[in-house]
Amino acid sequence: GAVVSQHPSWVICKSGTSVKIECRSLDFQATTMFWYRQFPKQSLMLMATSNEGSKATYEQGVEKDKFLINHASLTLSTLTVTSAHPEDSSFYICSARDAGGVYGYTFGSGTRLTVV
Amino acid sequence: AQSVTQLGSHVSVSEGALVLLRCNYSSSVPPYLFWYVQYPNQGLQLLLKYTTGATLVKGINGFEAEFKKSETSFHLTKPSAHMSDAAEYFCAVSGPGTYKYIFGTGTRLKVLA
Numbered sequence: 001g002a003v004v005s006q007h008p009s010w011v012i013c014k015s016g017t018s019v020k021i022e023c024r025s026l027d028f029q030a031t032t033m034f035w036y037r038q039f040p041k042q043s044l045m046l047m048a049t050s051n052e053g054s055k056a057t058y059e060q061g062v063e064k065d066k067f068l069i070n071h072a073s074l075t076l077s078t079l080t081v082t083s084a085h086p087e088d089s090s091f092y093i094c095s096a097r098d099a100g101g102v103y104g105y106t107f108g109s110g111t112r113l114t115v116v
Numbered sequence: 001a002q003s004v005t006q007l008g009s010h011v012s013v014s015e016g017a018l019v020l021l022r023c024n025y026s027s028s029v030p031p032y033l034f035w036y037v038q039y040p041n042q043g044l045q046l047l048l049k050y051t052t053g054a055t056l057v058k059g060i061n062g063f064e065a066e067f068k069k070s071e072t073s074f075h076l077t078k079p080s081a082h083m084s085d086a087a088e089y090f091c092a093v094s095g096p097g098t099y100k101y102i103f104g105t106g107t108r109l110k111v112l113a
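Chains A and B supply the protein sequences, listed in that same order.
This note's numbering puts the first residue of the first sequence at 1, with every later residue one more than the last.
This note's numbering puts the first residue of the second sequence at 1, with every later residue one more than the last.
The hints are simulated quantities; they were obtained by calculation from the structure and are not laboratory data.
Some hints could be false.
What the hints assert, rightly or not - Chain B regions said to be covered by chain A (calculated; three or more residues, Cβ under 8 Å): (1) 36-46; (2) 94-101.
Said to hold, decoys possible - List time: in silico DSSO-like cross-link candidates among lysine-lysine, alpha-carbon distance up to 30 Å: (3) Lys-68(B) / Lys-41(A); (4) Lys-49(B) / Lys-41(A); (5) Lys-55(A) / Lys-100(B); (6) Lys-100(B) / Lys-66(A); (7) Lys-68(B) / Lys-55(A); (8) Lys-100(B) / Lys-64(A); (9) Lys-58(B) / Lys-41(A).
To be verified - One-sided excerpt, in silico: chain A residues whose CB lies under 8 Å from chain B: (10) Leu-26; (11) Leu-44; (12) Arg-97; (13) Gly-108.
By construction, the Cβ of each residue, glycine as well, lies at the ideal position given by its N, Cα and C atoms.
Turn these sequences into a full structure, and let the hints guide you.
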């Protein structure tokens, strides 16, 4: 089956620093990866869609300069939260779609970010 | 445009009782419908999905859901709840030609001993 590995699973950082979250498809090539944000006891909100080798497409209201997304290869996408602030504290989840469409969408295990 | 409504943010059932989690959708195109389960501090695991074909869909862990176009519903059921079913459940809608999922607000299932 398809597996998406997301690291780190949790991270604490100081306000003003940047944090990078990695999302890897382990046994398939992911042409498209998605980044979601989940606030406590709420649903998932799509932040952006990244396609390998091209710029990410951000949803309305998401600051692209704050949430940098890079999809440099068919197996890796990264989300960098720049100049993090406490309000950026959240649960971030990635999802990947395989190139052939066989596995559909597979979610990573999420990253709990706490900015202090 | 697509949207999903999950009725009941919290549902409690006794162990061994029927589980029914409600999901209604709105879609201007034939919908693809999904149920996901999320355990604390974890990602989402696909329970089942409907794209085309048979309207009664069976998933993992004994769950099933029925697509009812006339009612625009895709309710999730399980005949007998187990303690391990306690989790957050999300209904999602997508559609042909679109890669975006629209998630419902989630239903937290509590199973009572």
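Hey, Lys-68(B) versus Lys-41(A), does the alpha-carbon distance stay inside 30 Å?
Given that 30 Å is the threshold and the Cα spacing comes to 28 Å, the pair holds.
Can the restraint linking Lys-68(B) and Lys-55(A) be considered satisfied, given a maximum Cα separation of 30 Å?
39 Å, violated
Under a C-beta cut-off of less than 8 Å, do 3 or more residues of the stretch 36-46 of chain B approach chain A closely enough to confirm the stated coverage?
Check passed, 7 qualifying residues.
Gly-108(A) as chain B interface residue, shortest Cβ-Cβ below 8 Å:
5 Å, holds
Confirm or reject the coverage of the stretch 94-101 of chain B by chain A under the rule of 3 or more residues with a beta carbon closer than 8 Å to the chain's beta carbons.
It holds: at least three residues are needed, and the stretch 94-101 of chain B offers 3 whose Cβ sits within less than 8 Å of chain A.
Does Lys-64(A) sit within 30 Å of Lys-100(B), going by the straight-line distance between their CA atoms?
Distance ~18 Å between Lys-100(B) and Lys-64(A) Cα, so the pair holds.
Given the hinted pair Lys-55(A) and Lys-100(B), is their alpha-carbon gap at most 30 Å?
Holds, at roughly 17 Å.
Hinted pair, alpha-carbon criterion (30 Å max): Lys-100(B), Lys-66(A). Please report holds or violated.
22 Å, holds
Per the CB criterion, is Leu-26(A) less than 8 Å away from chain B?
14 Å, violated
Report holds or violated for the interface hint on Leu-44(A), using the least CB-CB distance to chain B and a cut-off of 8 Å.
Status holds, d = 5 Å.
Do the alpha carbons of Lys-49(B) and Lys-41(A) lie within 30 Å of each other, as the hint requires?
23 Å, holds
Does the interface hint hold: is Arg-97(A) within less than 8 Å of chain B, judged Cβ to Cβ?
With a closest approach of 6 Å, the Arg-97(A) hint holds.
In this structure, the earlier hints numbered 7 and 10 are contradicted, and the remaining ones agree with it.
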